[in-house]
Amino acid sequence: MSRTRLVKTTQKSGFKYTLKKFARQKYLQMMVIPGIIWMLIFNFIPMGGIIIAFKKYKITRTIAEAPWVGLKYFQDFFQDSNFTSVMTNTLGISFLKLILGFPLPIIFALLINEIRNVKFKKFAQTISYLPHFLSWVVLGGILTTWLSKTGVINDFFVWLGIIKEPISFLGKPEYFWGLAFISDSWKELGWSAIIYLAAISGVDTQMYEAATVDGATKMQKIRYITLPSIAGTVAIMLILQVSSLLNSNFDQIMNLKNSINIARSQVIDTYVYQVGMTQGNYSYATAVGLFKSIVALILLVIANKTCKKLLGRSLYR
Amino acid sequence: MRKTRSSKIKRSTGTLIFDWANTIFMLIICFLCIYPIWYVVVNSFNDAHDAMMGGIYWWPRMFSLENYRTVFADNRVLQAFKVTIAKTVIGTSVNVFFTAMVAYPMSKNYLVGRKFYMAMGTITMFFSGGLIPTFILFKKLNLLNNFMVYVIPAAFNFFNLLIFINFFNEIPPALEESARIDGATDWKIFRSIILPLSKPVLATIALFAGVGQWNDWFGGVMYMTTRMDLEPIQTYLYRMVAQVGSNQVAGSISAGNISAQSTTSTAIKLATMVITTLPICLVYPFLQKYFVKGVMVGAVKE
Amino acid sequence: MRQRLSKVLVLLIVLVTVLSFMGCKRDDKEQKGKDNDKNVEQTGSDTGSEDENNVDDGEVVPGWQVNADDKVDLTWYLHFSWFTTPWGENLISQTITEETGVNIEFVVPAGNEAEKLNSLIASDSLPDLITLGWWEGQVGQMIEDDMVYALDELAKEYDPYWFQVADSGRVGWFTQEDGHIYGYPNSSFSPADYEKYDNIPSNQTFLVRKDMYEAIGSPDMTTPEGFKAAVRAAVEKFPEINGQPLIPIGAHEFGATGNTSFDQYLCNFLAIPYEKDGKFYDRFTDPELIRWLKTFRELGEEGYLEDDIFIDKRAQMEEKIAQGRYFCMLYQRTDFMDQQKMLYENDPDSIYIAIDGPKNSNGDPHTLPGTGINGWTLTFISKNCERPDRAIQLCSYLMSEHGQLMTWLGVEGETWDYVDGKPTMKQEVRDILKSDRAEYDRLYGSDSAYWMFQDNAMALQWTEPAGPPLQQMEEWTYKYVISTSQYDVTLPAGSDEAEIQSKVDNEWGRILPKLLLAKSEAEFDNVLNDFIKQREEWGFDKVLAAKTVLMNEAKAKLGLN
Numbered sequence: 012m013s014r015t016r017l018v019k020t021t022q023k024s025g026f027k028y029t030l031k032k033f034a035r036q037k038y039l040q041m042m043v044i045p046g047i048i049w050m051l052i053f054n055f056i057p058m059g060g061i062i063i064a065f066k067k068y069k070i071t072r073t074i075a076e077a078p079w080v081g082l083k084y085f086q087d088f089f090q091d092s093n094f095t096s097v098m099t100n101t102l103g104i105s106f107l108k109l110i111l112g113f114p115l116p117i118i119f120a121l122l123i124n125e126i127r128n129v130k131f132k133k134f135a136q137t138i139s140y141l142p143h144f145l146s147w148v149v150l151g152g153i154l155t156t157w158l159s160k161t162g163v164i165n166d167f168f169v170w171l172g173i174i175k176e177p178i179s180f181l182g183k184p185e186y187f188w189g190l191a192f193i194s195d196s197w198k199e200l201g202w203s204a205i206i207y208l209a210a211i212s213g214v215d216t217q218m219y220e221a222a223t224v225d226g227a228t229k230m231q232k233i234r235y236i237t238l239p240s241i242a243g244t245v246a247i248m249l250i251l252q253v254s255s256l257l258n259s260n261f262d263q264i265m266n267l268k269n270s271i272n273i274a275r276s277q278v279i280d281t282y283v284y285q286v287g288m289t290q291g292n293y294s295y296a297t298a299v300g301l302f303k304s305i306v307a308l309i310l311l312v313i314a315n316k317t318c319k320k321l322l323g324r325s326l327y328r
Numbered sequence: 005m006r007k008t009r010s011s012k013i014k015r016s017t018g019t020l021i022f023d024w025a026n027t028i029f030m031l032i033i034c035f036l037c038i039y040p041i042w043y044v045v046v047n048s049f050n051d052a053h054d055a056m057m058g059g060i061y062w063w064p065r066m067f068s069l070e071n072y073r074t075v076f077a078d079n080r081v082l083q084a085f086k087v088t089i090a091k092t093v094i095g096t097s098v099n100v101f102f103t104a105m106v107a108y109p110m111s112k113n114y115l116v117g118r119k120f121y122m123a124m125g126t127i128t129m130f131f132s133g134g135l136i137p138t139f140i141l142f143k144k145l146n147l148l149n150n151f152m153v154y155v156i157p158a159a160f161n162f163f164n165l166l167i168f169i170n171f172f173n174e175i176p177p178a179l180e181e182s183a184r185i186d187g188a189t190d191w192k193i194f195r196s197i198i199l200p201l202s203k204p205v206l207a208t209i210a211l212f213a214g215v216g217q218w219n220d221w222f223g224g225v226m227y228m229t230t231r232m233d234l235e236p237i238q239t240y241l242y243r244m245v246a247q248v249g250s251n252q253v254a255g256s257i258s259a260g261n262i263s264a265q266s267t268t269s270t271a272i273k274l275a276t277m278v279i280t281t282l283p284i285c286l287v288y289p290f291l292q293k294y295f296v297k298g299v300m301v302g303a304v305k306e
Numbered sequence: 087m088r089q090r091l092s093k094v095l096v097l098l099i100v101l102v103t104v105l106s107f108m109g110c111k112r113d114d115k116e117q118k119g120k121d122n123d124k125n126v127e128q129t130g131s132d133t134g135s136e137d138e139n140n141v142d143d144g145e146v147v148p149g150w151q152v153n154a155d156d157k158v159d160l161t162w163y164l165h166f167s168w169f170t171t172p173w174g175e176n177l178i179s180q181t182i183t184e185e186t187g188v189n190i191e192f193v194v195p196a197g198n199e200a201e202k203l204n205s206l207i208a209s210d211s212l213p214d215l216i217t218l219g220w221w222e223g224q225v226g227q228m229i230e231d232d233m234v235y236a237l238d239e240l241a242k243e244y245d246p247y248w249f250q251v252a253d254s255g256r257v258g259w260f261t262q263e264d265g266h267i268y269g270y271p272n273s274s275f276s277p278a279d280y281e282k283y284d285n286i287p288s289n290q291t292f293l294v295r296k297d298m299y300e301a302i303g304s305p306d307m308t309t310p311e312g313f314k315a316a317v318r319a320a321v322e323k324f325p326e327i328n329g330q331p332l333i334p335i336g337a338h339e340f341g342a343t344g345n346t347s348f349d350q351y352l353c354n355f356l357a358i359p360y361e362k363d364g365k366f367y368d369r370f371t372d373p374e375l376i377r378w379l380k381t382f383r384e385l386g387e388e389g390y391l392e393d394d395i396f397i398d399k400r401a402q403m404e405e406k407i408a409q410g411r412y413f414c415m416l417y418q419r420t421d422f423m424d425q426q427k428m429l430y431e432n433d434p435d436s437i438y439i440a441i442d443g444p445k446n447s448n449g450d451p452h453t454l455p456g457t458g459i460n461g462w463t464l465t466f467i468s469k470n471c472e473r474p475d476r477a478i479q480l481c482s483y484l485m486s487e488h489g490q491l492m493t494w495l496g497v498e499g500e501t502w503d504y505v506d507g508k509p510t511m512k513q514e515v516r517d518i519l520k521s522d523r524a525e526y527d528r529l530y531g532s533d534s535a536y537w538m539f540q541d542n543a544m545a546l547q548w549t550e551p552a553g554p555p556l557q558q559m560e561e562w563t564y565k566y567v568i569s570t571s572q573y574d575v576t577l578p579a580g581s582d583e584a585e586i587q588s589k590v591d592n593e594w595g596r597i598l599p600k601l602l603l604a605k606s607e608a609e610f611d612n613v614l615n616d617f618i619k620q621r622e623e624w625g626f627d628k629v630l631a632a633k634t635v636l637m638n639e640a641k642a643k644l645g646l647n
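Protein chains in written order, with my numbering: chain Y, 12 to 328; chain E, 5 to 306; chain W, 87 to 647.
Since no wrong hints were added, every one of them can be taken at face value.
Now the in silico label distances, taken between C-beta atoms and shown as ranges: (1) W/Glu607 - Y/Leu322: 54 to 62 Å; (2) E/Ile21 - Y/Lys320: 37 to 45 Å; (3) W/Asn189 - E/Phe67: 36 to 44 Å; (4) W/Glu361 - E/Phe67: 53 to 61 Å; (5) E/Ser97 - W/Asp522: 37 to 45 Å; (6) W/Pro305 - E/Ile38: 49 to 57 Å; (7) W/Asp442 - E/Ile38: 48 to 56 Å.
Don't read these hints as lab results, they were simulated from the structure.
By construction, the Cβ of each residue, glycine as well, lies at the ideal position given by its N, Cα and C atoms.
Turn these sequences into a full structure, and let the hints steer you where they fit.
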């Protein structure tokens, strides 16, 4: 509330007032401006390169020399016979990760926080974040072996009696989305939980003590103390994940896709890599990248507005 | 910790069941997370030829240190480690303090131009010019074949800034107000009040930035065009694990006679991975103390 | 407090500036290098003109001999991410540096090679020497846009000796329309070499596991019927290998554009021609190939095409070869030498041997492409190179017989001796080479560890039989090898035809597994017909027409017709 009022007064008093205000907060501005300059240099200057999405760019010539081709590369992408399947796969995997995957690290962080034994708490935290450090190139190889008909996972499931016959998991297209979701959740569970753990550790323990005195149950404490305290972090993460719906975990998909499951495993990122980057077609790759960026920005604005309305939280406060 | 102990007395059966279930659940998660690592480790300690036969799950079949000896026999490994450590320490400190410094004023609603700055930052999260324009820029800035390419372009991160802002917003404004009344400048408030209160978030961002620095192989691959001695260890590892399959390209096109370039065996790759990953894994337990206890408490009370 | 902080900040800024200036300093050095270069150019051109007269007299002094005391550093980009042998640590590289005065720093990309090379080109920061495959699009781009030196001009100016060591056939083949040659090949065999030598190998083989094949009575596998019977018999007799199911048919990894085993190799085994009626032929829709693909489909329907071959990447395949899990496979023999050696050590009968594979309905002999005139890589000298004189001299050194002996066999007296007038590798050196290639490269680095100028044709005179587990596979290919240089054509990058070709390739890569996994022959035909229709829509005829033109140009250059 107070902010809107402030903005209004600024508008009323005009440029001079703003300048005065600016001068008054010179220390604050001196702290921000280096960051702005950094962004101008390292983000905005190279951003000029986006223009090649509308040009036929050749690496041996400068961007200025490249001839304009308008929206050709966007058309190429949208009219590609594989467009629908690639789009479906991208969204399918992303939605799985968003709807089922997003709450997991939060729940995990809450559960870890409930461990009483401090040593075990630290141990569990440390162990759970280790898979993050396995690179997909190596992990992809290991998973290919484990998920094969003769791999440990089949052995284990058959032993448990969940399945009767070994299944070639990577050889069944219908399993791919699930596999991509599960393997990614498993690998990043502990790592993604860190940010929530940090937020939880910022909560004043006296609030819990007071609640305990008032006879609050564990669930009540989580609901009325912990969750509101980490809502800001949750909002940021949620908004960012929504906006990245068209992104995929490139390394993961690259290392798990194969010629059988390709119908369900080819996503935008891998497809563009295959038909654009490996052929040196930077214009095409840039056009698709630009399309993705615009969609992401729109999604961000929508998610941000929605979050603000529903939770009173947004990316910027 | 004293509090945990005192509350023990009041534990109900419901809480007890929850605690047990939670512990068992955590043990399962721990197993799922540590087993692949264990698998990598035992295979790396097995004879490379024998490991190819597969089927090593719990313990090395033919114990051997040969894989590790092979990795350390390469002189480049030690040099690459030095580069990685240097870039992680320097790059991380610069990123954390620079980003925090920019984030603090941005957390103030009354900052002139805040909306504009925020919009700029948001754009940087989604739009990028791509590799070639960045490469050309780095060349013009003299960052190619320069250690600073690991530090300066990684000095700032808008996502980290958002996390900082979110945290700074949770700090009670009363603390700053009282300092301001005492005549402290924003600089001083940031330095002596905000930063000391922000240890959990500083630790988080340091962890993100540090792991990012440690794991980054791309900079070494792309931006070192003559100074191969400035390549970090992850570039070395990536070179090794990503090499599989490239031989075929030549073969499929012209049956090119590639003379006996065999690929590195999996066991040696795994050994390299263990060596390059272990140090950064060990950092987390040291940062953990900042996550476990609430640092804010004492300060807010005052 | 505040002052202290700002001091820290100022210090930081100063530090950063100083460090980035250090980056600039290198440039100063480079500037000096350029000045030196000018001096060299002057003296170089003087001697150059004198030497030019000497070319005919055959008294040319190799350029590298003159400069051994003047040490220079050259950077050398290799477009092959798997290359890991450093320079300056083993005997061969040290000796070469000593003899030529040139020290080399290799620049090798990791992962996606094109990304790095394209960035280097786009930002005009190519290293001194560049080696890449002749088929890469960047070859044409670097030449067209004047980023590399003409080798013949450099040679004329700085090292006339180059003309003595350069093979005139190869120079002729790679000379561009402007009359200059920009990149020099390695592993190049001219059609004339095919007349001269009868031991030129191919990499493409059809392999079976020896003990299994013999146990089922060494059947004929050249006809679809014989092939199917053999596969069935093998599975019946050996359902499992060490408790794991047998994989009856093995192949290379499926990629974005197909599977070399089931398209390229199979075409070659079936002796499908590259041209028909003077036109570049579309081999992938040849009835003979379709007939065999349908055979594989039938085997797949019966369960003999295991999922593994569609899923596995090379690392998994290598493991399975080492375990002897495949019965037969169409595979590049040079891709599993380590595994073959391991199998041999365990049990000499469990190795893979090459036998006659799928043949066309006439039973024509296989036509396996050996390395052609294009060879494998081309090496360029970049215009950024400040010492092109030394670069070209290094090239001549490596191309010469002396250099070839160095890279193949090493230093006389240390790694090899003359035995009966023939250079022969010492036994103890050979033992290391055979048992531990990595150790061998670390100590010596010959046997073409530095293959950038390897002249396989010249090296044939020094080669010795590869030894039991590898020799049979190699020798089996000798009688089937043909030269296909005139068909190794690449469409110019960025042209319409190249774009269509890449679309078609990607589509083929998508449908090939579908063809093999089709549930019925009708489904197979449907998928194939859709593909052919789709191709026509894209204008595949234009591609074939363009390739026909290129093929005819190549023929004219090679003096065929």
